[in-house]
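Now for the letters of each chain:
4 protein chains.
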Amino acid sequence: MEEVRHVEIDGKMSVGELVRKMRAAGVMGGGTIGKAVDILEEMVKDKECKVFLGLAGAMVPGGMKKIIIDMLRSGLIDVFVTTGANLTHDIIESLGHNHFQGRADVDDVELEKKGIDRIYDVFMKDCVYEDLDNFIISLKDKFEKKKMNIKEFLWEIGKNVKSEDSILRVCYEKKIPVFCPAISDSGLGQMSFMNLINRGVIEVGAFGDLSEIQDIAWTAKKIGVIYLGGGVPKNYIQQAMQFMPTKANELGGANYGVQITMDRAEPGGSSGAPLREGLSWGKMNPGGKHVTVICDVTIALPLIYGALKERV
Amino acid sequence: MEEVRHVEIDGKMSVGELVRKMRAAGVMGGGTIGKAVDILEEMVKDKECKVFLGLAGAMVPGGMKKIIIDMLRSGLIDVFVTTGANLTHDIIESLGHNHFQGRADVDDVELEKKGIDRIYDVFMKDCVYEDLDNFIISLKDKFEKKKMNIKEFLWEIGKNVKSEDSILRVCYEKKIPVFCPAISDSGLGQMSFMNLINRGVIEVGAFGDLSEIQDIAWTAKKIGVIYLGGGVPKNYIQQAMQFMPTKANELGGANYGVQITMDRAEPGGSSGAPLREGLSWGKMNPGGKHVTVICDVTIALPLIYGALKERV
Amino acid sequence: MEEVRHVEIDGKMSVGELVRKMRAAGVMGGGTIGKAVDILEEMVKDKECKVFLGLAGAMVPGGMKKIIIDMLRSGLIDVFVTTGANLTHDIIESLGHNHFQGRADVDDVELEKKGIDRIYDVFMKDCVYEDLDNFIISLKDKFEKKKMNIKEFLWEIGKNVKSEDSILRVCYEKKIPVFCPAISDSGLGQMSFMNLINRGVIEVGAFGDLSEIQDIAWTAKKIGVIYLGGGVPKNYIQQAMQFMPTKANELGGANYGVQITMDRAEPGGSSGAPLREGLSWGKMNPGGKHVTVICDVTIALPLIYGALKERV
Amino acid sequence: MEEVRHVEIDGKMSVGELVRKMRAAGVMGGGTIGKAVDILEEMVKDKECKVFLGLAGAMVPGGMKKIIIDMLRSGLIDVFVTTGANLTHDIIESLGHNHFQGRADVDDVELEKKGIDRIYDVFMKDCVYEDLDNFIISLKDKFEKKKMNIKEFLWEIGKNVKSEDSILRVCYEKKIPVFCPAISDSGLGQMSFMNLINRGVIEVGAFGDLSEIQDIAWTAKKIGVIYLGGGVPKNYIQQAMQFMPTKANELGGANYGVQITMDRAEPGGSSGAPLREGLSWGKMNPGGKHVTVICDVTIALPLIYGALKERV
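Chains as they are written, first to last, in the working numbering: chain A, 1 to 312; chain B, 1 to 312; chain C, 1 to 312; chain D, 1 to 312.
By construction, these hints were calculated from the structure, which means they are not laboratory data.
One copy or two, it doesn't matter: identical chains are merged, so the pair holds either way.
BS3-like cross-link-like pairs, simulated, lysine-lysine; straight-line CA separation at most 27 Å: (1) Lys289 x Lys12; (2) Lys113 x Lys125; (3) Lys125 x Lys162; (4) Lys12 x Lys66; (5) Lys222 x Lys309; (6) Lys35 x Lys12.
Work out the full structure: start from the sequences and follow the hints.
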């Protein structure tokens with residue numbers, strides 16, 4: 001048995017050094033941070049591994065956009081699955097708007113009168129939706145074909161995003177498949193519907209992307225999964241590993257897995273389920289390495305990614 | 001100020017009597033149970049009110065199916081939004097399969113070898129997917145039209161479910177709009193894709209249902225929302241109230257709201273956000289009544305629904 | 001494997017009937033409620049079993065006082081361990097004061113100006129402490145001996161509580177050992193110190209009660225534990241089972257256990273630890289029955305106790 | 001309004017630089033980490049400020065011992081309040097034993113047979129208690145007086161701890177008042193009772209320390225509080241600020257506050273209460289600065305303390 005080596009802070013340390021100390025302690029939350037960086041390092045260095053990133057929760061309002069962009073741009077991520085909300089907030093920022101540092105203990109009726117939408121302690125001006133609307137309207141002559149899947153639709157949008165500082169644009173530029181099964185469940189979805197789909201400009205199929213994500217998963221030699229929050233993005237990636245007909249990697253399931261979430265396991269939902277549960281479904285590989293980090297993503301991700309970048 | 005009246009248990013009590021005592025205490029979790037039943041009673045008795053139910057989490061595996069069916073069949077619910085997983089498990093049971101009482105502290109690799117899929121402490125035989133597959137295949141000549149929205153697709157499936165003990169069949173029979181924006185994120189979605197969409201049998205649009213849910217929300221005189229868990233179902237209903245062009249109920253937003261969740265507010269995601277946050281967005285009505293119950297749905301829902309049925 | 005039988009609400013039901021349905025479903029949170037009542041029923045009917053109740057959290061402000069009193073008065077509980085805060089609020093109410101139904105989303109500085117102390121959504125007038133002070137002062141000639149342990153000190157106070165509606169008085173009347181290791185960590189403790197201990201009226205030893213709780217645990221044929229919240233009360237009972245020199249019940253540890261808490265296991269503290277962890281310490285008996293209910297006590301306790309009273 | 005500036009990871013960064021980026025983002029969990037370091041820096045640099053540290057949870061098993069020791073040794077902390085468990089594990093390590101990196105998903109009955117005690121995913125050999133017992137026995141002739149308070153008792157023990165790598169020894173050496181109201185609720189407490197108190201070697205009063213902690217709080221010009229976990233340590237410090245007769249700092253209450261916890265507010269207990277609640281009680285100063293960090297201490301503390309040490 002390895003002993004718990006107490007974390008020691010001696011003057012100025014790099015993020016990577018700090019995480020190595022957490023790893024040496026090796027237990028509780030700090031230990032999971034250390035293990036997560038180890039697994040990610042191995043995942044990223046494994047040339048045979050396709051890495052799937054699932055992103056849920058208000059991560060763009062929460063200040064995580066540049067880390068996501070960096071993960072995408074630097075080639076770490078092969079497949080990206082997200083909620084419509086994160087894409088909506090990404091486009092809103094690409095149009096020159098900002099999110100603001102607000103408060104959670106506030107009178108929400110007062111905020112409504114002032115035209116402020118609240119996302120926990122983040123404030124956003126409600127007027128951003130006018131610019132989003134206009135941006136979507138501006139796309140109506142830009143589509144190369146009429147019928148498409150959600151991924152193609154999102155790449156088309158990404159192509160038209162001006163700002164380089166955009167998740168969606170990076171996905172387009174780097175040709176990273178971006179899946180958003182619940183795209184209609186977002187401001188972006190609503191405005192796309194009203195201005196493009198409902199007016200007959202384009203048709204977007206609900207199911208078509210399944211072919212592509214399954215192809216990637218089913219032909220990969222190895223698979224790594226990173227879940228920032230749960231929700232549809234996590235589940236959509238997990239299910240891509242469920243029915244592998246011929247298992248490229250003999251036993252099937254992800255070989256590497258890192259999940260960061262604050263949800264609990266006991267209520268039984270997919271978001272709070274530890275990665276271990278995926279073993280019973282064949283979604284996680286019994287010989288694989290995985291860790292569930294119980295932590296706010298806005299704390300754990302910068303810490304983990306900071307340490308990872310120091311290593312690779 | 002109302003005083004806290006201590007809950008008193010005196011011999012055999014009805015569920016309704018117990019909840020009235022919790023309401024009289026009026027504080028902490030027990031108080032929210034009492035308030036939830038009061039709000040639901042008012043919601044249900046308000047003839048002008050359209051009620052939206054959002055269902056997330058493993059609620060069919062968790063034993064909540066009959067309560068959901070009863071809510072739908074008894075006319076309480078006007079609009080139903082759910083995850084694909086709950087529909088998948090509903091169909092699986094309609095085909096004669098069961099979920100089983102298992103354990104969470106178990107060797108998941110052993111389960112995999114035995115062909116058991118685990119959902120927290122619920123076990124399901126992996127072979128159910130063969131029957132699901134065959135069921136979907138059997139539908140391929142049954143569709144009345146080729147192009148449809150997700151709701152129409154789900155009604156078509158519901159029409160072909162044999163068992164009366166099915167959420168989806170009740171939705172079809174009672175003509176309750178059933179929305180499932182992330183339908184492709186489920187076993188049902190995958191098998192529908194492989195057997196129907198990918199083979200050109202039907203086309204299903206990703207966005208089309210937005211028209212209908214918005215119409216219902218935007219023309220309703222009053223709105224009530226019930227969220228069992230968060231995820232896409234909650235957010236999809238919430239956003240239907242966001243951009244009301246002419247606000248039927250002057251100030252806009254839901255007039256009644258009950259949310260049951262174990263998610264926390266602090267990580268910032270929609271699932272854990274208290275209903276109060278919706279006031280800033282105009283999704284909740286400032287003159288409305290709403291309560292967030294922090295509780296496992298499989299505990300709170302039977303308790304709340306038991307008390308509600310005693311009253312109405 | 002037992003199948004999950006869906007909870008069915010059919011008209012007016014008793015609390016016991018509802019819980020039987022939850023037990024028949026048998027999974028997730030609802031299943032734990034059902035199991036808890038089964039275990040408690042067996043525990044209570046087992047004549048050889050000594051039952052230890054640990055009470056933490058703001059349970060008197062939360063409206064649970066009468067249930068606790070009923071548990072104590074009806075002979076269910078053999079040993080009671082609590083926080084000083086619950087005793088403080090119990091005495092405050094016995095002096096004619098109330099707790100009030102307040103709100104959590106409130107300006108706390110405004111409350112302070114109005115002389116209101118807040119406990120989540122419970123309000124209490126700050127002036128209650130004057131009466132508490134006077135009550136403690138009034139005790140100064142009433143002690144039969146000068147040196148005592150905390151339990152004896154608490155019984156002496158209980159003897160002088162006028163109201164019959166008091167946890168402390170019931171403990172005295174029924175001669176139920178009441179342990180409160182952290183008595184000094186409470187309003188009651190502070191005022192006892194200032195008016196009695198610091199003035200030389202009495203001396204109270206910090207450790208003496210250990211003898212009695214260990215004697216009870218070490219001589220019991222069987223042991224049942226009920227934990228409402230965690231903290232010192234849970235841990236103090238758990239440790240009473242740790243070093244049993246001659247194990248009356250061969251294998252040692254509690255034979256029955258029910259724990260209700262909202263704390264998580266992952267941070268590693270005793271409060272969030274599932275009862276299962278106690279097996280490794282010998283604090284829980286490997287042949288015993290135990291369940292951890294993840295729920296707000298003010299929801300779970302009335303439900304569980306209501307069902308239990310219907311049975312016994 | 002300050003805008004949310006996205007966290008950017010550019011190559012190797014120091015812990016302090018990372019936290020500055022989190023502070024610049026300023027929202028959700030990451031924002032609270034940034035604010036915590038700002039408040040701690042100000043607290044530590046304020047020469048008029050007395051700093052109280054409350055430590056709960058399995059922090060010694062969790063690998064936090066050296067950080068606690070460093071906080072104490074470097075003069076940051078004026079008053080230390082802790083659980084008995086942390087002191088027990090501290091002494092156990094000072095006697096040459098270790099805690100080990102284990103697992104939580106393990107058969108606890110098997111562990112018991114192997115003589116392993118489990119604390120979430122930390123393992124400890126049960127035989128450590130023999131050495132603890134012998135250590136306590138060895139103290140029996142070392143006490144300078146017979147009657148003492150808990151703090152004096154703990155200093156006496158600290159004086160006899162051989163290892164320099166001990167929380168308790170540092171408290172003694174640096175003459176930092178160490179309060180542990182629930183000392184009897186711990187292995188240390190039990191063995192002290194059996195070998196020292198029960199044999200008449202010493203007498204330890206349950207209440208006496210209240211005088212000292214109140215004196216320090218009531219005469220301090222300014223007060224800072226740091227809560228790692230909740231429980232008795234937090235509450236004991238909070239109550240020291242409750243009844244200030246003459247308020248040295250006019251309005252009373254702590255001027256600086258940082259709390260790290262995973263507990264929720266909604267169940268109503270003190271452990272999960274945000275520091276804001278203390279404003280209503282006068283325990284927090286309305287002009288003060290405070291932040292509640294919702295995070296596992298073993299993640300947040302190394303991060304926060306690493307950044308703090310870089311600054312001061």
